[in-house]
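Trainee: Line order of the protein sequences matches chains G and F.
In terms of the numbering used here, the first sequence is residues 458 to 571.
In terms of the numbering used here, the second sequence is residues 2 to 112.
Just so you know, the hints here were simulated from the structure itself, not pulled from any lab data.
Some clues are possibly wrong.
To be verified - A few chain F residues that face chain G, going by a derived Cβ cut-off under 8 Å, partial list only: (1) Ala43; (2) Pro44; (3) Lys69; (4) Gly70; (5) Tyr73; (6) Gly97; (7) Leu100; (8) Gln104.
Cβ atoms here follow ideal geometry from the backbone N, Cα and C, with glycine treated the same way.
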Amino acid sequence: DVKVTQSSRYLVKRTGEKVFLECVQDMDHENMFWYRQDPGLGLRLIYFSYDVKMKEKGDIPEGYSVSREKKERFSLILESASTNQTSMYLCASSTGTENHYEQYFGPGTRLTVT
Amino acid sequence: GQNIDQPTEMTATEGAIVQINCTYQTSGFNGLFWYQQHAGEAPTFLSYNVLDGLEEKGRFSSFLSRSKGYSYLLLKELQMKDSASYLCAVGFYNQGGKLIFGQGTELSVKP
């Protein structure tokens with residue numbers, strides 16, 4: 458079974474804090490993704506990575522950065538957290554194989570910024 | 002951008018059949034995905050269409066028509082546990098495998 462784990466299920470941070478969300482997958486997947494999910498807006502892609510040290514902006518990268526130093530780990534960084542970044546954050550991974558690139562999701566981190 | 006439209010909510014009866022539609026205005030995608038998401042849980046992969054036509058997987062089937070710009074997910078013999086959100090997404094294999102999701106359809110199955 459594919460396993461994608463995220464460092465925390467729930468996190469509460471203060472405005473202005475630097476926040477790290479960690480994601481680890483154990484299936485040797487090439488691709489990794491960070492989304493946020495908000496009511497009425499669905500899943501929105503923040504950043505993704507198709508290889509170690511590679512990163513690509515998604516649809517809403519502003520206020521976020523990412524790091525992928527190892528294949529199995531993809532970190533999302535909020536440099537200075539703001540209240541509008543309160544959300545559910547979901548990490549996912551997939552293989553680089555055409556016709557088999559369905560994404561597998563972690564359990565999510567519910568971040569509250571106060 | 003890619004507009005992907007799904008109905009916000011649907012209600013159906015246990016044992017019935019329900020069809021959840023997804024229309025899109027995009028091009029260049031490689032495949033269309035359907036995911037299921039129960040409340041408070043992560044999305045899980047249901048099905049994937051590359052070519053036009055029907056893909057069947059047990060009680061779940063998914064259909065794609067590229068010329069008409071739409072897909073649907075068909076759920077047969079509905080069970081109470083099928084109450085969930087169903088997400089449609091277009092996939093771009095040549096862009097790092099990224100998926101662009103619709104807002105999802107909240108399905109309620111009633112006894």
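Trainee: Each of the hints needs a verdict: does it hold here or not?
Mentor: For each hint, the structure was consulted:
1. Taken as an interface hint, F/Ala43 checks out: its beta carbon lies about 4 Å from the nearest beta carbon of chain G, inside 8 Å.
2. Because the beta carbon of F/Pro44 sits about 5 Å from the nearest beta carbon in chain G, less than 8 Å, this interface hint is met.
3. Given hint, F/Lys69 at the interface with chain G, is violated; its Cβ is 22 Å from that chain's nearest Cβ, farther than 8 Å.
4. For F/Gly70, the shortest C-beta to C-beta distance to chain G is roughly 19 Å, which exceeds 8 Å, and the interface hint is violated.
5. Evaluation of the F/Tyr73 hint against chain G yields a violated restraint, the C-beta minimum of about 18 Å exceeding 8 Å.
6. With a least beta-carbon distance of about 4 Å to chain G, the hint placing F/Gly97 at the interface is held under the 8 Å criterion.
7. The closest approach between the C-beta of F/Leu100 and any C-beta of chain G is roughly 6 Å, which is under the 8 Å cut-off, so the hint is satisfied.
8. Because the beta carbon of F/Gln104 sits about 4 Å from the nearest beta carbon in chain G, less than 8 Å, this interface hint is met.
In summary, the numbered hints that this structure violates are 3, 4, 5.
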